[in-house]
Amino acid sequence: GENVEQHPSTLSVQEGDSAVIKCTYSDSASNYFPWYKQELGKRPQLIIDIRSNVGEKKDQRIAVTLNKTAKHFSLHITETQPEDSAVYFCAPPKEGGGADGLTFGKGTHLIIQP
Amino acid sequence: DAGITQSPRHKVTETGTPVTLRCHQTENHRYMYWYRQDPGHGLRLIHYSYGVKDTDKGEVSDGYSVSRSKTEDFLLTLESATSSQTSVYFCAISGTLAGVQYFGPGTRLTVT
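These protein sequence lines map, in sequence, to chains A and B. So for the first sequence, the numbering used here puts the first residue at 8; every next one is plus one. So for the second sequence, the numbering used here puts the first residue at 555; every next one is plus one.
A hint or two may mislead.
[As the list claims (entries may be wrong)] DSSO-like cross-link-like pairs, simulated, lysine-lysine; straight-line CA separation at most 27 Å:
#1 A/K64 / A/K29
#2 B/K565 / A/K113
#3 A/K75 / A/K49
#4 A/K49 / B/K565
#5 A/K113 / A/K44
#6 A/K113 / B/K611
#7 A/K49 / A/K113
#8 A/K44 / B/K611
#9 B/K611 / B/K624
#10 A/K29 / A/K113
#11 A/K49 / A/K64
#12 A/K64 / A/K78
#13 A/K64 / B/K624
#14 A/K65 / A/K75
#15 A/K49 / A/K29
#16 B/K607 / A/K44
#17 A/K49 / A/K65
#18 B/K607 / B/K624
In short, the hints are calculated from the structure, not lab data.
Input sequences plus hints: build the corresponding full structure.
This is the structure we're talking about:
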């Protein structure tokens, strides 16, 4: 099956600084690369995604970059704010892109220090 | 949030009892999923459905069964609950194959 690894598992940054979370995957046929955010006690929610025909996508303070050759994609958050504190998951499609959906990484706990 | 609900939201049950969790959607999405979430493990797929009466196993399906008799409902059953099944259970829906998933609010299950 698809092997997905996220790094780091925990990331602590000062408010206002940038944060970068990296996700590596194994299935070279993957063509969809989403990031989910889960606040404490809440459900995971999609925050940004990218298709394999583009290398970068930006939405205000968040961006996702894709390197298909190296099989990794990254989440970038600039000017971090307290509300960015959450667990972030990458979730590329399972190998074969079938009905079993997405493979979720183990998550990165982002802590924003005031 | 997409029109997706889960019931119950919290449940405490004893070892050996049967438990059924319900996921209900109003989006008419074809694909539905059950995950469990435990510290250090992220989200792990239990079972999924790709249509009415069409279901298959995920990576942690032992001890669980599912049914989908209509598009809007996906039921997860623990035939005989064990303490290792204490977890938070999330249902998710998707309108596209291997595409974006929308999650329900979750059910916190405690097996004593």
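Numbered hints the structure breaks, given as an ascending list: Of the numbered hints, 3, 13, 16 do not hold.
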